[in-house]
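Peer 1: Protein chains in written order, with this note's numbering: chain X, 5 to 239; chain S, 88 to 433.
Since the hints were derived computationally from the structure, they do not count as laboratory data. Ideal Cβ placement from N, Cα and C applies to all residues, glycine included. One thing to keep in mind: the hints can contain errors.
[Claimed, not checked] No more than 35 Å apart at the CA atoms, straight line, and that leaves these computed lysine-lysine pairs for DSBU-like:
hint	chain 1	residue 1	chain 2	residue 2
1	X	K112	S	K94
2	X	K111	S	K399
3	S	K294	X	K56
4	X	K90	S	K217
5	S	K294	X	K113
6	S	K404	X	K113
7	X	K79	S	K403
8	X	K133	S	K397
9	S	K404	X	K133
10	S	K165	X	K133
11	X	K90	S	K404
12	S	K294	X	K67
13	S	K294	X	K7
14	X	K133	S	K217
15	X	K111	S	K94
16	X	K132	S	K217
17	X	K110	S	K404
18	X	K159	S	K294
19	S	K404	X	K132
20	S	K294	X	K133
21	X	K132	S	K397
[What the hints assert, rightly or not] Derived DEER-like restraints, expressed as beta-carbon distance ranges:
hint	chain 1	residue 1	chain 2	residue 2	range
22	S	R194	X	Y15	26 to 36 Å
23	X	K133	S	Y369	48 to 58 Å
24	X	D27	S	R194	29 to 39 Å
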Amino acid sequence: MLKLSGLTVTYGSFAAIEDVTIDVAEGELVVLLGSNGAGKSSTFRAISGLEKPSAGGITFDGKNIAGQSPERIVKSGVVQCAEDRKLFPQMTVHENLIMGAYVHRKKKKEIRQALENVHALFPMLQEKKDHAAGSLSGGQQQMLAIGRALMSRPKLLLLDEPSIGLAPLIVEQMFEVIHQINQEGTTVLLAEQNANAALKIADRGYVFESGSIVVQGTSEELFTNDAVRKAYIGA
Amino acid sequence: MAALLRKRVFIIGLIGLAVLFPLIIQNEYFLHVLTLAFIWMIAVYGLNLLAGYTGYLSLAHAGFFAIGAYALGLLTVKAGMNYWIALVLACLITSGIGFLVGLVALRTREHFFAIYTLCVGYIIYLVIDKWDSLTGGVRGLIGIPAPANIGPVSFENPLSQYYFILAFLLLTILVMYRIVHSLTGRTFMAIRNSEELAQTLGISTMKNKLLVFVLSTFFAGLAGALYASFIRFIGPDIGYITIIFDLLTYLLVGGIGTLAGPVVGTFLVVWVSQSLQFLQDYRMLIFGPLLTLLIIFYPRGIVGAFYEWKMKRTGKKRRQARPDRRKPEPTYAATQTSSEKKVKEG
């Protein structure tokens with residue numbers, strides 16, 4: 005479904021990621037592991053069109069999307085849930101969700117359907133629909149950010165560190181929801197530092213280190229890999 | 088609901104006051120000042136849409152104001168065109184030039200955008216000032232006709248001019264209200280919030296920025312055209328830098344990014360500066376520090392400060408009404424908040 009082949013992104017003379025090759029099949033939940041600055045976010049930025057790759061290709065559903073405008077990429081079914089749970093803090097929860105369906109703005113019925121799905125997934129968003137997004141707690145904001153991304157009814161959802169800065173209990177719930185989203189048919193590409201929790205729900209994973217992929221394999225393989233255990237699981 | 092009703096009554100009351108004002112206070116000078124203030128308000132609304140709601144501070148709007156004024160002046164005086172056609176054309180010409188400027192200007196951001204548009208504004212001023220054969224240069228343009236009659240209604244006397252321009256102001260406010268409360272308006276605010284975030288949601292930021300820039304210049308042009316037919320004489324100094332800083336002062340005092348801001352700010356500053364006229368240019372000694380204090384303590388102007396105060400008050404009332412009613416409910420959201428609260432407290 006999504007194929008990155010030899011992807012390289014550079015900022016000036018500095019290569020943020022180099023020769024990255026990733027393959028995500030339909031219906032999979034794939035995790036990108038790595039510490040800060042390892043290149044996960046740059047990979048996401050290239051996929052969602054915010055950064056033009058300097059080499060390599062990105063194809064989605066067989067079509068080349070490398071270097072296209074973010075707008076076209078969202079329309080074709082790839083949406084990124086922005087990192088740091090960025091919201092529109094002055095808008096209400098409901099307005100934030102509606103903004104997420106921007107690419108479908110003319111299809112009222114689809115928006116209503118998407119809204120129902122998101123509310124079913126996060127009942128809290130319905131209860132707080134008239135609250136300003138900025139007044140929500142950290143976990144709720146993260147849910148709103150994910151809900152807003154789902155409003156565009158993506159085929160592939162990119163999640164950049166959804167667990168960052170959240171309390172352990174919330175993190176657990178967050179991963180449960182992500183698992184559920186995946187089970188309901190959305191392909192998920194997840195960037196995480198919390199390898200333990202991420203590998204539990206993921207099918208496969210890639211490990212980034214200073215801009216390149218160093219290890220890849222199924223979740224079980226990564227879980228038992230000594231180097232990965234030492235670096236990311238801490239046991 | 089009650090609040091909504093009160094708001095409606097308040098707005099209707101204000102409109103009623105504006106309509107009745109010239110009948111109650113029969114003072115031509117006041118009428119003149121107020122009509123002029125209405126014209127500035129229309130221009131400030133245009134600026135507010137761009138600078139307040141979208142976050143792009145344009146300093147070229149005095150230039151666009153002048154383009155609107157000169158377009159109307161030239162079309163009626165030199166081309167002898169019908170007033171109403173000229174008025175429409177003046178707005179369209181201004182937004183057309185706005186479109187071309189926007190294509191280039193919107194590739195820059197923040198201070199670079201402000202500096203770039205400042206230069207554009209100054210260039211517009213220079214073109215008007217130096218293009219003697221077309222604009223009449225420093226001598227200006229004399230003999231611009233008042234709005235042509237509609238049937239038996241004539242716009243020759245100050246009173247009808249007042250109502251004429253008030254009608255345009257109300258129309259402008261209505262349009263602004265509709266824009267701000269539509270998805271398009273929220274798209275502008277999304278761009279102000281974070282352009283990158285807007286992009287990841289599939290919003291074409293360039294298209295929307297261009298749209299808001301053109302809309303904003305349209306209103307600047309409309310204000311300029313109305314100014315030309317109200318004062319009946321225009322000179323190049325209506326495009327000068329000082330005008331844009333006047334408009335900006337009105338906007339900042341009233342409240343940038345608020346719907347009521349342009350009316351409140353323009354009215355207040357015009358009124359205060361008229362009543363301090365005896366101080367001549369020393370007025371600025373009072374205005375300067377006041378404006379600085381306002382920006383430091385109330386960055387969203389008088390209207391913004393009012394909303395903040397109101398929000399605090401209702402928040403306080405709500406807390407008093409139900410002291411600690413945080414019982415665990417068997418919903419996902421409730422477990423969410425309470426567990427998180429524990430962590431925060433712990």
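Peer 1: It remains to establish, for every hint, whether it holds in the given structure.
Peer 2: Tested hints:
1. X/K112 / S/K94: It holds: about 30 Å lies between the C-alpha atoms, which stays within 35 Å.
2. X/K111 / S/K399: Outside the cut-off at roughly 38 Å; violated.
3. S/K294 / X/K56: Answer holds: S/K294 to X/K56 is near 20 Å, not above 35 Å.
4. X/K90 / S/K217: 49 Å, violated
5. S/K294 / X/K113: 25 Å, holds
6. S/K404 / X/K113: 39 Å, violated
7. X/K79 / S/K403: 44 Å, violated
8. X/K133 / S/K397: 21 Å, holds
9. S/K404 / X/K133: 21 Å, holds
10. S/K165 / X/K133: 58 Å, violated
11. X/K90 / S/K404: At roughly 30 Å apart (the allowed maximum being 35 Å), S/K404 and X/K90 satisfy the hint.
12. S/K294 / X/K67: Roughly 25 Å separates the two Cα atoms, so the pair holds.
13. S/K294 / X/K7: 30 Å, holds
14. X/K133 / S/K217: 57 Å, violated
15. X/K111 / S/K94: Holds: X/K111 and S/K94 sit about 33 Å apart, inside 35 Å.
16. X/K132 / S/K217: Since the Cα atoms of X/K132 and S/K217 sit roughly 60 Å apart, the hinted pair is violated (cutoff 35 Å).
17. X/K110 / S/K404: 40 Å, violated
18. X/K159 / S/K294: 26 Å, holds
19. S/K404 / X/K132: Distance ~19 Å between S/K404 and X/K132 Cα, so the pair holds.
20. S/K294 / X/K133: Holds. S/K294 to X/K133 sits at ~29 Å (cutoff 35 Å).
21. X/K132 / S/K397: 21 Å, holds
22. S/R194 / X/Y15: 26 to 36 Å: Since S/R194 and X/Y15 have Cβ atoms about 20 Å apart, the given range 26 to 36 Å is violated.
23. X/K133 / S/Y369: 48 to 58 Å: 54 Å, holds
24. X/D27 / S/R194: 29 to 39 Å: Hint holds: Cβ distance 37 Å, inside 29 to 39 Å.
Of the numbered hints listed earlier, those contradicted by the structure are 2, 4, 6, 7, 10, 14, 16, 17 and 22.
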